[in-house]
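S.K.: Given next are the chains, with one letter for each unit.
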Amino acid sequence: GAGVSQSPRYKVAKRGQDVALRCDPISGHVSLFWYQQALGQGPEFLTYFQNEAQLDKSGLPSDRFFAERPEGSVSTLKIQRTQQEDSAVYLCASAYKTGEEETQYFGPGTRLLVL
Amino acid sequence: SQKIEQNSEALNIQEGKTATLTCNYTNYSPAYLQWYRQDPGRGPVFLLLIRENEKEKRKERLKVTFDTTLKQSLFHITASQPADSATYLCALETNSGYALNFGKGTSLLVTP
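Those sequence lines, one after another, are chains X and B.
The opening residue of the first sequence carries number 1 in my numbering; numbering runs sequentially from there.
The opening residue of the second sequence carries number 1 in my numbering; numbering runs sequentially from there.
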């Protein structure tokens, strides 16, 4: 079956531009996560949704970062007034349900480069 | 603060040998630990989960050990193949119980 998809795969933005990154999770998956992965680092947690509810946004680095999942399926991560330090790969992951030991399925990521 | 440490240097081994990767953690009392594989340009792929009460777990050519006293997990790939070349990430759950904290990963290169 289809896995997690993300678009665009690559995005180049000028400093100060707004960007929107899309995630299509596996159908029926309740949980959705966004992670940020800098070059040579492991993914770092940004935010978590259970259905349409954003239950945890503790990892969002600043108020320029905003995520939504209005109908409990597709999610969008928006970054306003992008800065060079925002350059990274943004990974989306989904899981069937909430709970420990629930395997997370990752998308291929969106590579964002801010010039 | 909670830390996860993995070998920062790449591991180069010859095909057929056993690769052993290390994950150490501090300021954690995890109920379980996970290992993921990540290929260039792709997202991590789940490999194995081991619980705190399990000493060892196997899946095909993969073996994971979990020592909660040493606060360490070892990840072994036996009879390694060039196709095993990738970055391997160790992950522990955050205090939230659902999000994951990842190590930096260890790059493995298996040469013919």
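I should point out that these hints are in silico values taken from the structure, not numbers from a laboratory.
Just so it is clear, CB atoms sit at the ideal spot from N, CA and C, and this is done for glycine as well.
Some hints here could point you the wrong way.
From the structure, some residues in chain X lie toward chain B, with a derived Cβ separation under 7 Å [to be verified]: (1) P43; (2) F45; (3) Q54; (4) D56; (5) F66; (6) G107.
S.K.: Could you run down the list of hints and mark each one as holding or not?
M.R.: Do the hints match the structure? See the list:
About 5 Å separates the beta-carbon of X:P43 from the nearest beta-carbon of chain B, less than 7 Å, and the hint is met. Interface restraint check for X:F45: the shortest CB-CB distance to chain B comes to about 4 Å, inside 7 Å, so the restraint holds. Nearest Cβ of chain B to the Cβ of X:Q54: about 13 Å, over the 7 Å cut. The hint is violated. Restraint check, X:D56 versus chain B: the minimum CB separation of about 6 Å is within 7 Å; hint holds.
Given the 7 Å rule on beta carbons, the hint for X:F66 is violated: about 18 Å separates it from the nearest Cβ of chain B. The interface hint given for X:G107 is met, as the beta carbon of that residue sits about 5 Å from the closest beta carbon of chain B, less than 7 Å.
The structure shown violates the earlier hints numbered 3 and 5.
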